[in-house]
Amino acid sequence: MAEPLAQRLRPRTLGQVWGQKHLLGEGCVFRRAIESGTVPNMIFYGPPGVGKTTVARIIAEQSGMRLHKLNGTSASTGDIKAVLAEIGT
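Residue 54 in this note's numbering sits at position 54 of the sequence shown, and the numbers go up by one each step.
Honestly, I wouldn't trust all of these hints.
To be verified - Mimicking DMTMM-like on lysine to aspartate or glutamate, the simulated pairs with C-alpha atoms at most 20 angstroms apart in a straight line are:
#1 LYS81 <-> GLU61
#2 LYS52 <-> GLU35
#3 LYS21 <-> GLU35
#4 LYS69 <-> ASP79
Worth flagging that the hints you see were computed from the coordinates, not collected in a lab.
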């Protein structure tokens, strides 16, 4: 089965992400942090479908970090504890 169109068109690099050039553009402080692997903890907020997960995935891949995704409306205390145990904190 063919890959869905949305998946095929999804950005795979920071350069392919539209908007937020003041944060993600070439030479910007946040982009330099991503490229050097010194990314702080982040919480992305916004309506569904605006690219939060896509940008988080790109940041994780480009900075060599692992991505742990939790949905704040459905994650339980146990879910959070499981992630914390996995990352060793």
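Here is how each hint holds up against the structure:
Under the criterion of a C-alpha separation no larger than 20 angstroms, the hint pairing LYS81 with GLU61 is inconsistent with the structure, at around 24 angstroms. A C-alpha spacing of about 18 angstroms is found between LYS52 and GLU35, which places the hinted pair at or below 20 angstroms, so the restraint holds. A threshold of 20 angstroms between alpha carbons decides the hint, and for LYS21 with GLU35 the separation of about 15 angstroms falls inside it, so the pair holds. Proximity of LYS69 to ASP79 is assessed by CA-CA distance (about 10 angstroms); at most 20 angstroms being required, the pair is judged to hold.
Going through the hint list in order, the structure does not satisfy hint 1, though it satisfies all others.
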